[in-house]
Amino acid sequence: MPPNHFRHALFAAVIVSVTAHSGWAQPRAPRRTAGAAARVIPLRDAVQMLHAANPDEVREGVAALTRLGTAEVVPPLVELIESGLSDSLLDYVVEQLGFVGRAEAIPTLSTLLHHRRTAVRRLSVSAMKNLFQRTRDARVPPLLESALRDSDRDVRGEAATALGDINARASLGLLQRAFDRNVPEASVAIGRVGDFAAAQRLMESIGRTPLSVLIPGFEAFMARRDLTDDNRHTIVETLVSRSPTRPIKEFLQRWVQGLPPNDRSRARQRAMLAIRQIRDDAPASGGAQ
Amino acid sequence: MNRRARLALLALPLLAASCMPPIRVSTAFSSRFGDNDRARLTRVLEQVAAAPAPSRASAPLVAAVIQGEQRAVAVYDVATHRALWTQPMTASSTPEILGDALVVEVGSRTVILDLATGAQRGRVEHTGLELAGAAREGDTIVLCASSGLNGGTRRAGRIVAVDARSGSEKWSHDVGGLLGRPAARGGFAFVPWDRQSVAVLNLATGVEQARVRSTDDVLSWVASFPDGVYYGGRGIYRLTAESASGTRAGSAFLANPLEGVPGDPLIFRDGFRATTGSRTARDKIQFGFAPQSAQGSTVSLQGETVVLGYYHDVLAVDAASGAVRWAQRLEEDIESISVTEAGVFVVSATGKVRGLELATGAVSLVADLGASLGAVALSPQGLTVPTGGAAPEGSVREQLVAMVRDPDNRLVPFRAYLVGILGRIEDENVTRDLLDLYTQRSIPVQLKQRIATALQARRNGAQFLIQALQEHYDYLEGRQAPPLQVIAPTLVAMGAREAVPGLVAHLLDHETPAASLPDVISAIGTLGEAASVPTLQRWVQLYRADTSFRGEQAVVLNTAADAIFRYGDATAHEWLHARAQDSTFSTELRAHIDELFARAETDAQTRATRQSESERQEALQAELGHLREAIQAVPGRLSDEAIDGAWNAHLDELRECAQGAVTRNPALNQIRVVVTLRGDVPRAMLQDAPPREVTEENGTRRAATGEESLAWAHAQMEQLAARRATVRLMTYAPNDAAMRASWTGSFGRWSSRPSELRQEFRRVIDTRGARSSGAEAEAYSGLGVDTQGRELPWWLVSAPTLEVVNPVPVTATVTRPSTASRPTAPATGTPPATGTPPATGTPPSPGTPPATTGARPWWEE
Numbered sequence: 010m011p012p013n014h015f016r017h018a019l020f021a022a023v024i025v026s027v028t029a030h031s032g033w034a035q036p037r038a039p040r041r042t043a044g045a046a047a048r049v050i051p052l053r054d055a056v057q058m059l060h061a062a063n064p065d066e067v068r069e070g071v072a073a074l075t076r077l078g079t080a081e082v083v084p085p086l087v088e089l090i091e092s093g094l095s096d097s098l099l100d101y102v103v104e105q106l107g108f109v110g111r112a113e114a115i116p117t118l119s120t121l122l123h124h125r126r127t128a129v130r131r132l133s134v135s136a137m138k139n140l141f142q143r144t145r146d147a148r149v150p151p152l153l154e155s156a157l158r159d160s161d162r163d164v165r166g167e168a169a170t171a172l173g174d175i176n177a178r179a180s181l182g183l184l185q186r187a188f189d190r191n192v193p194e195a196s197v198a199i200g201r202v203g204d205f206a207a208a209q210r211l212m213e214s215i216g217r218t219p220l221s222v223l224i225p226g227f228e229a230f231m232a233r234r235d236l237t238d239d240n241r242h243t244i245v246e247t248l249v250s251r252s253p254t255r256p257i258k259e260f261l262q263r264w265v266q267g268l269p270p271n272d273r274s275r276a277r278q279r280a281m282l283a284i285r286q287i288r289d290d291a292p293a294s295g296g297a298q
Numbered sequence: 002m003n004r005r006a007r008l009a010l011l012a013l014p015l016l017a018a019s020c021m022p023p024i025r026v027s028t029a030f031s032s033r034f035g036d037n038d039r040a041r042l043t044r045v046l047e048q049v050a051a052a053p054a055p056s057r058a059s060a061p062l063v064a065a066v067i068q069g070e071q072r073a074v075a076v077y078d079v080a081t082h083r084a085l086w087t088q089p090m091t092a093s094s095t096p097e098i099l100g101d102a103l104v105v106e107v108g109s110r111t112v113i114l115d116l117a118t119g120a121q122r123g124r125v126e127h128t129g130l131e132l133a134g135a136a137r138e139g140d141t142i143v144l145c146a147s148s149g150l151n152g153g154t155r156r157a158g159r160i161v162a163v164d165a166r167s168g169s170e171k172w173s174h175d176v177g178g179l180l181g182r183p184a185a186r187g188g189f190a191f192v193p194w195d196r197q198s199v200a201v202l203n204l205a206t207g208v209e210q211a212r213v214r215s216t217d218d219v220l221s222w223v224a225s226f227p228d229g230v231y232y233g234g235r236g237i238y239r240l241t242a243e244s245a246s247g248t249r250a251g252s253a254f255l256a257n258p259l260e261g262v263p264g265d266p267l268i269f270r271d272g273f274r275a276t277t278g279s280r281t282a283r284d285k286i287q288f289g290f291a292p293q294s295a296q297g298s299t300v301s302l303q304g305e306t307v308v309l310g311y312y313h314d315v316l317a318v319d320a321a322s323g324a325v326r327w328a329q330r331l332e333e334d335i336e337s338i339s340v341t342e343a344g345v346f347v348v349s350a351t352g353k354v355r356g357l358e359l360a361t362g363a364v365s366l367v368a369d370l371g372a373s374l375g376a377v378a379l380s381p382q383g384l385t386v387p388t389g390g391a392a393p394e395g396s397v398r399e400q401l402v403a404m405v406r407d408p409d410n411r412l413v414p415f416r417a418y419l420v421g422i423l424g425r426i427e428d429e430n431v432t433r434d435l436l437d438l439y440t441q442r443s444i445p446v447q448l449k450q451r452i453a454t455a456l457q458a459r460r461n462g463a464q465f466l467i468q469a470l471q472e473h474y475d476y477l478e479g480r481q482a483p484p485l486q487v488i489a490p491t492l493v494a495m496g497a498r499e500a501v502p503g504l505v506a507h508l509l510d511h512e513t514p515a516a517s518l519p520d521v522i523s524a525i526g527t528l529g530e531a532a533s534v535p536t537l538q539r540w541v542q543l544y545r546a547d548t549s550f551r552g553e554q555a556v557v558l559n560t561a562a563d564a565i566f567r568y569g570d571a572t573a574h575e576w577l578h579a580r581a582q583d584s585t586f587s588t589e590l591r592a593h594i595d596e597l598f599a600r601a602e603t604d605a606q607t608r609a610t611r612q613s614e615s616e617r618q619e620a621l622q623a624e625l626g627h628l629r630e631a632i633q634a635v636p637g638r639l640s641d642e643a644i645d646g647a648w649n650a651h652l653d654e655l656r657e658c659a660q661g662a663v664t665r666n667p668a669l670n671q672i673r674v675v676v677t678l679r680g681d682v683p684r685a686m687l688q689d690a691p692p693r694e695v696t697e698e699n700g701t702r703r704a705a706t707g708e709e710s711l712a713w714a715h716a717q718m719e720q721l722a723a724r725r726a727t728v729r730l731m732t733y734a735p736n737d738a739a740m741r742a743s744w745t746g747s748f749g750r751w752s753s754r755p756s757e758l759r760q761e762f763r764r765v766i767d768t769r770g771a772r773s774s775g776a777e778a779e780a781y782s783g784l785g786v787d788t789q790g791r792e793l794p795w796w797l798v799s800a801p802t803l804e805v806v807n808p809v810p811v812t813a814t815v816t817r818p819s820t821a822s823r824p825t826a827p828a829t830g831t832p833p834a835t836g837t838p839p840a841t842g843t844p845p846s847p848g849t850p851p852a853t854t855g856a857r858p859w860w861e862e
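Top to bottom, those sequences are chains E and Z.
Everything in the first sequence is counted per my numbering, starting at 10 for the first residue and increasing by one.
Everything in the second sequence is counted per my numbering, starting at 2 for the first residue and increasing by one.
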């Protein structure tokens, strides 16, 4: 194995390890209530609890089913949702469905993407994302894309974030459309799934789009390992030349600090130079058109 | 008296007469003048028909008031595009071109100018009045001025005839009413008067010759056209002999095919509205038409077309049906519109004269006068429409749609009016057009409402609405949800069941506005009926405890519950009922479901009550029918047949009875029987309508219920039936109590109907034959036979009519009736007068019954 290849493979292994433990690639485990943490409730009993009049007991049953996490827990949870729930309980069940992460829940979550309450739609998007990270079910990305068309900005933002999180490269075009239609979260998603051309297109927005929206996208780009040093150098150069502002300086400072000390890349050197060049009292916004 | 004195006496009256003011005799506008006189009108029309066509200017001219700081009156030759002259003056009316003269009001006077030079020929003062208009024939110009044309309480009018060359007055009338713009033709002035009459005055003398008065319309204008005189208000009347009818139906009349145009323009310029000499909205909204020769009681127009100019829009419609022929949008507002057989000519404020082909609406520029004009009068004599003009694009439907899309907000009312016209076009594409218009963001709200109304009135083009249902909100594409609150009810009205899937998709789409959901749900229920119930149930179940539909939004779930209740079966009702008991359901929904059931129960009760009442009324009517039949069947008298029938049915008893009487009284020659029937049916029982009111115990009165009426009818029938048994029968016989009892028993229950009339019949039983011996007596069977061998009732036979066995002579125990009391035998062979009632209170015969009985006389019973 050539040295470079070895180095890349080792780095990828570290990344995989880190992401596996950070909860970034995998959904977060559900928080367990104190009472339910210790015991495992059998499926039948848990299902029985779903029919209780006491909402707390229902909630405990849902949690128990989530812990079981098998395919059998999905139908009772779906049935529970379809029976009509109070806001808080429905929100909880939708969230738990995501944690269960079974493909059997996709039809129901798909329906809930059109629930009239925004919170439910947003949680459904989140649950879909979690579910996809476990199942890689191809039905999920189109559903998340459909949520980008939602009238609610939170739902759109959640969907854009989710598409970035699941690395839906096929959704890049739609994310760029969303970005053009003022979905700020699409910036980060583009940074995660886009290629260098997408980064260049993002750079064209400097001066038209607030830096607070653009910088997270560039942060995502700069964090990518699949971009070459030249690409990153171009990004830094463009940012500095088109918007020598304080937020850009701060962004570059953060980026440089995250780099390994022995990084000798051109991008880093250009960033260091820019950090020195941009005055601390530089304007907070603005940039070339 | 000498000659001088006589001359002096003769001179005195002459002198007095010469000193007195002249006595004015009303020769026009008199209230005593006979209006609608067909003979007078016919004479006028004969002269009008014989008169040459009205003189027009020799060249196409435009007379107008130049707007701006330097106001002036100008006359342009349209052919040369040049001004003939311009005279600075503050004109306060629209100039009128009258032959070689031009008449215009300037302040409180009307000036007559030379059309060629602008030189003033004369003037007419009309202080306190406003010029309504002028007309000319020959050398006479008639001018009408009135006060109160533009409001006010004073109503006075003046008509003046002046010489067109000098302006000198020929005659005049002052009227206590409004006079409108006149017309002149055939030696007459036609003057609209008080919006009700058209007075016809001799143009030379001013004497009124005829008058048309409408009894069912408002007459606001009169005008002379080449083929005759026309007048009217909203519609067009041709002046014919039939105008003497004074009615719309009896006259040659054409109604305005476009009623309700915003601004309420008359079909011809209102003769009672003064013009202002400046630009007004009224001038921009005008109808135009050109009459052509017509026969009988019809009105015929060039191209059978009426043209409407509305600011910069021109609409041509069929004169009879109002169907739009074309709709042309011009670049500028119209100040004047004229229709001739050559086409439609309009003048804009910038002095552009345009011509439109009457058939196609193709528009061409005729002349550009290059001036800022207002109060424009066009004399289109000789004008033609250049060929190659731009016709309005597309179909009439598309032309109208383009006009509705016009962003000019001054025209919103007219655009709304056009939407109404568009909506009445049968073409199913109109449905799509209306939907497209409705979804245009630039469409004002009031126009949207009109479009929605027109759309909901459509009954075809459902496929376009269903297609629209495929559209859903999309943030990225900037797409809005379709106007479901309009589409859904329209689909219901169209009965488009195939729309249900699309509607369900919108029900399940969170982007569907909550305000539209009740319409969507109602449509799903109505169109899907029972098949839609499961979908609605699932949807209600999903949101039963959700806060999305709390408060004001509860109506959405309630509507769904309504649909489930209405179109669901018993199972669905049970499902709803169970939800009403479920405390996890939203309280609003539960309360609504309870209300649904309660209302249904009430409705059921109401229906049952109505049904019951209906049945009761039906029964009542049947009972009353029977009652009426029964009352009708109550005869005034018993027929002979009825009496015969009853009598004959008891012959055996009678025979036995007579036999007993003879046995008891061998000397008895006759038994005279008088049967009196006395019906005693009260008049109240012959009522066949139940009382409308009943009196309560506390004295209050209230309307009788159907049940009470039915009970009344029953009781009435029963009483009437019971009265059949209350016929009183009285018999008289010689003092023979046994016989009397026997007969009373026989006839006590007369089976015939009673009446209120007293009726008697008499029977005589001759017992002599019964006592005689020999074979002859035995030959009698009790019934007689007439000469033709037909059996007769026994009492019609003179001979013994009852076979009575002669008894053994009785002993002295039998009491004989006294001779005095013995009744007189009637003439044999004479049938009893069963058909004739006896005089009341007069016993028919037998005299006083024996005192030994102690009973009252039979006739008193």
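Hint data in this document are derived by calculation from the structure and do not stem from the laboratory.
Some clues are possibly wrong.
[To be verified] Cβ-Cβ distance ranges computed for the label pairs, FRET-style:
1. Z:R406 / E:H60: 32 to 42 Å
2. E:E91 / Z:N461: 32 to 42 Å
3. Z:R442 / E:D290: 41 to 51 Å
4. E:H60 / Z:G421: 53 to 63 Å
5. E:A147 / Z:D409: 29 to 39 Å
6. E:T120 / Z:R442: 30 to 40 Å
7. Z:N430 / E:E91: 38 to 48 Å
8. E:P151 / Z:R480: 17 to 27 Å
9. E:A293 / Z:P263: 55 to 65 Å
10. Z:G395 / E:P151: 35 to 45 Å
11. Z:R480 / E:Q57: 40 to 50 Å
12. Z:Q441 / E:T120: 46 to 56 Å
Don't be surprised by glycine CBs; every beta carbon is placed ideally from N, CA and C.
Please list, smallest to largest, the hint numbers that this structure does not respect. As far as the earlier hints go, 1, 5 and 12 are violated by this structure, in ascending order.
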